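*Asks:* Given chain A's structure and the hints, the job is docking chain B onto it.
Number of protein chains: 2
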Amino acid sequence: MEKVNVGILGFGTVGAGTAEALLLNKDIIRGRVGAEIVIKKIADLDIESDRAVAIDPEVLTTNVQDVIDDPHIDIVVELIGGIEAPKKFILEALKKGKHVVTANKALLAECGAEIYPVAEEQGVRLAFEASVGGGIPIIKALKEGLAANKTDTIMGILNGTSNYILTRMAQKGIPYEGAVQEAIQLGYAEDPPTLDVDGTDAAHKLAILISLAYGVPVSFDDIYREGIDKVTPDDIRFGMEFGYCLKLLAVAKNLGDKLEARVHPVMIPADHILANVNEVYNAIYLEGDFAGPSLYYGLGAGRRPTGSAVASDIIDIAREIRCGIRTQMPPLAHVLPIWEKVSIQPIESLQTAYYFRFSAVDKPGVLSKISGILGAHEISISAVIQKGREINSSVPIVMLTHEAKESNVKKALIELIRLDVLTDETVLIRVEEKGVDLK
Amino acid sequence: MEKVNVGILGFGTVGAGTAEALLLNKDIIRGRVGAEIVIKKIADLDIESDRAVAIDPEVLTTNVQDVIDDPHIDIVVELIGGIEAPKKFILEALKKGKHVVTANKALLAECGAEIYPVAEEQGVRLAFEASVGGGIPIIKALKEGLAANKTDTIMGILNGTSNYILTRMAQKGIPYEGAVQEAIQLGYAEDPPTLDVDGTDAAHKLAILISLAYGVPVSFDDIYREGIDKVTPDDIRFGMEFGYCLKLLAVAKNLGDKLEARVHPVMIPADHILANVNEVYNAIYLEGDFAGPSLYYGLGAGRRPTGSAVASDIIDIAREIRCGIRTQMPPLAHVLPIWEKVSIQPIESLQTAYYFRFSAVDKPGVLSKISGILGAHEISISAVIQKGREINSSVPIVMLTHEAKESNVKKALIELIRLDVLTDETVLIRVEEKGVDLK
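Chain order of the listed sequences is A and B.
Under the working numbering, the first sequence is numbered contiguously, ending at residue 439.
Under the working numbering, the second sequence is numbered contiguously, ending at residue 439.
Bound-form chain A, shown alone (with noise of 0.2 Å):
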């Protein structure tokens, strides 16, 4: 039987679980690749820490050369992480001629347009199955389940790490600060969680899922991006309120002939697939126009899933190299992009509809001064709560908008804060009216 010979770089957490599957589930993958999957070598600075996997001391080495340079070995699986050294191997293993796997989505989100071209170049596969949603195949159904369609819509809880915070703020009531130490408790979140709770992580699955939506890679930093450091319990309470459950979403939307793509706390109706998503679990919920509506949901990271998507990568190359052939599909699976370029239009310029939370002096005529900033920006208001009791010598004001376009929302808010009824920052939150359609 033909063997297929890998190289790991890295072998932490992910690295390992990559091993673990490809070892521990050794006779189902060579039932269905057929041909035996080898891990020939596996680089780290550290070889000495137990790992817990079966790994022949010979295969482990602290030089990376050793994986990349030899000649046997037919895929060079990238999980290091960072940004320039992960870039120099895996460019320097295309040029040899190597299959690429990577769970790198920081890497393919910033760096992607320089490392694609060179697998096209090449004619190998540079497949990056983890880089978004940990065990949930959503990069194969963007590539291939659903390559029939326009992507109208993608949504997604894309970061367990903040997901798990917000379902524990919304379940105990607890604060930001005392979920974020449960979570780094639990093993959920490094100390301190900064790219996790900031946007940044999902921000970087999101450029992934658009790249290969429309077949071009986006300009990072082009989309808009806001962390849930700022979320309180009394929001998420209020949203409850107006029938709305407070997520962190990753959201881009084809509106013709650019994109929005933004990642920021958003309410999302109580009753949409994508609130029951909770704890550290991943979703992402694609509108095609084909497909119509669909959701995969899984657990996002984690040493074992993790692991499932980098080995499922390594065995779709594995079944090719068994049967002598190259598929010579692009990395974001578009002979010819679908754009050119993609344009992402600037946060000022999206409409949708607002959940503010006012903290004002407890007086008569303040709700109508604020409406009335409002309404002057054509800001309309659907729902409001006001509630009696003072915080601080200030009472909450709440309410809900119809659609409104971003910049006027802006230029009412600094408006506001001239007013001398604002005791503290308003609070924005940008809601998703739609739930699901029935098509």
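Hints were generated in silico from the structure; no laboratory data involved.
Nothing here was measured: the structure is a model prediction, and the numbers come from that model.
Don't take every hint at face value.
[Claimed, not checked] Each pair of labels, with its calculated beta carbon distance range:
1. A:Pro364 x B:Asp271: 40 to 48 Å
2. B:Ser371 x A:Asp271: 36 to 44 Å
3. A:Ile47 x B:Lys410: 56 to 64 Å
4. A:Arg237 x B:Ala353: 34 to 42 Å
5. B:Gly243 x A:Lys363: 40 to 48 Å
6. B:Thr194 x A:Asp50: 57 to 65 Å
7. A:Asp271 x B:Glu433: 19 to 27 Å
8. A:Asp56 x B:Glu340: 30 to 38 Å
9. A:Gly12 x B:Met240: 39 to 47 Å
10. A:Gly365 x B:Glu433: 27 to 35 Å
[Said to hold, decoys possible] Below 25 Å or equal to it, Euclidean Cα-Cα: the simulated PhoX-like pairs (lysine-lysine) are:
11. B:Lys150 x A:Lys26
12. A:Lys434 x A:Lys150
13. A:Lys40 x B:Lys150
14. A:Lys172 x B:Lys434
15. B:Lys26 x A:Lys253
16. A:Lys405 x A:Lys230
17. A:Lys369 x A:Lys434
18. B:Lys40 x A:Lys150
19. B:Lys172 x A:Lys434
20. A:Lys150 x B:Lys3
In this text, a Cβ means the ideal position worked out from N, Cα and C, and glycines have one as well.
*Replies:* Same frame as chain A, but now just chain B:
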């Protein structure tokens, strides 16, 4: 640019949806494939009706052989439905070396074992993404995305018609017959909706999912099936009081050396992700040993979703034709099956929790008699609702049990009939206790 010629057998709902996807998204698909997909022939007995697709009349034929015998057609797409005729056409097309795409779940579930080997011998693809879950790319997820996993559990809402009926019964408290009439009026059900509501359609789809998970066709008749026609709004409501939601589920579990495989109404915890799948939506919940739990949700039927799935298979094959290669992926995506044969345990061997609704005479001591007989058969009760209100001079006694043996349950129910305290048939609904585990 290279052309890939497609011939379609059957120009009904799915045929029209497929043609529509290929035509409306022609540019997107050409960009993704790197070749042009041409609909060269469509065969149907009715070539007069308007399908609202811009097809050149010369493409239409009433003679199936015009498609199968055309040497320029690369891919034959079977969308006729039924068993004998499509089987003949598919086998003929395969033997002529053509790739075949089909949406025919009944044919694959009942006769797959006759068809798959022919595709393998001929080295051509036999693809059937549209056979399960409509627009949801679940076949690809099992064949490829989760290929590194041992599949432990499959639980699916695989029939949109019955899910719509149960959703309406739960939301409106209306009886089965009323919900069926509504589904028929909305075009979600045929009149009568036999195969949808009796579990047969869901069992066909479950058979296909099992065969993909283990690499070998299953004996369709070994899958236990029970429909929803005996479900009452009372049982749905009592279930809710216990914290459960009633769904028609297709369930398969890996017991190590054999499988559980069954389709019947199930009480699932109201916070299970499947409990939120309503209306005509389908969803497939999988547990793999590496990916963990995952869910795939979307529209399981309809012209456009099913067209999306059929077109995705055509695109897959066209990508290979463009590259001048053949993966020789066997239809079930296993070069060697995991099991030689899948053995399905009889329903009598099932161990699960149960929901019972007894209709009993309103006399003291009845509950004690019932629980005594249950206890004698090692069936222990976890919760009881006994309401005073009489229905037809009898009172409902509703209970949940801990895990028990189905064979014991059947024996206990027979003994209870002899007791002479029951006034009507006992309602038995199996319960799935386990929600989503975080690993």
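*Asks:* Against each hint, give a clear statement of whether it holds in the structure.
*Replies:* Outcome of the hint check:
Between proline 364 (chain A) and aspartate 271 (chain B), the C-beta spacing of about 44 Å keeps the proposed range 40 to 48 Å intact. As the Cβ distance of serine 371 (chain B) to aspartate 271 (chain A) is approximately 39 Å, the hint placing it in 36 to 44 Å holds. Separation of isoleucine 47 (chain A) from lysine 410 (chain B) is about 59 Å and conforms to the stated range, judged on CB atoms against 56 to 64 Å. Taking 34 to 42 Å as the suggested C-beta distance range, the pair arginine 237 (chain A) and alanine 353 (chain B) conforms, at roughly 35 Å.
Distance hint check: the CB atoms of glycine 243 (chain B) and lysine 363 (chain A) are about 47 Å apart, consistent with the given range 40 to 48 Å. Checked against the hint of 57 to 65 Å, the pair threonine 194 (chain B) and aspartate 50 (chain A) passes, with Cβ atoms roughly 59 Å apart. At about 25 Å, the CB distance of aspartate 271 (chain A) to glutamate 433 (chain B) agrees with the hint of 19 to 27 Å. Taking the beta carbon of each, aspartate 56 (chain A) and glutamate 340 (chain B) are about 31 Å apart, inside 30 to 38 Å as hinted.
Distance hint check: the CB atoms of glycine 12 (chain A) and methionine 240 (chain B) are about 46 Å apart, consistent with the given range 39 to 47 Å. Range check, glycine 365 (chain A) to glutamate 433 (chain B): about 57 Å between beta-carbon atoms, so the 27 to 35 Å window is missed. Distance hint between lysine 150 (chain B) and lysine 26 (chain A) is fulfilled; the C-alpha atoms sit about 11 Å from each other, no more than 25 Å. Distance check on the hinted pair: lysine 434 (chain A) and lysine 150 (chain A) sit about 19 Å apart at the alpha-carbon level, within 25 Å; holds.
For the hint linking lysine 40 (chain A) to lysine 150 (chain B), the alpha-carbon distance of about 23 Å falls within 25 Å, and the restraint holds. This hinted pair checks out: lysine 172 (chain A) and lysine 434 (chain B) have alpha carbons roughly 23 Å apart, not beyond 25 Å. Distance restraint check for lysine 26 (chain B) and lysine 253 (chain A): the Cα-Cα separation of roughly 21 Å lies within the 25 Å cut-off, and the hinted pair is therefore satisfied. For the suggested pair lysine 405 (chain A) and lysine 230 (chain A), the alpha carbons sit about 22 Å apart, so the restraint of at most 25 Å is met.
For the hint pairing lysine 369 (chain A) with lysine 434 (chain A), the CA-to-CA distance comes to about 30 Å; that exceeds 25 Å, so the pair is violated. This hinted pair checks out: lysine 40 (chain B) and lysine 150 (chain A) have alpha carbons roughly 23 Å apart, not beyond 25 Å. Between lysine 172 (chain B) and lysine 434 (chain A) the CA atoms are separated by roughly 23 Å; this keeps the pair inside 25 Å, and the hint holds. A threshold of 25 Å between alpha carbons decides the hint, and for lysine 150 (chain A) with lysine 3 (chain B) the separation of about 21 Å falls inside it, so the pair holds.
Hint violations for this structure: numbers 10 and 17, all remaining hints satisfied.
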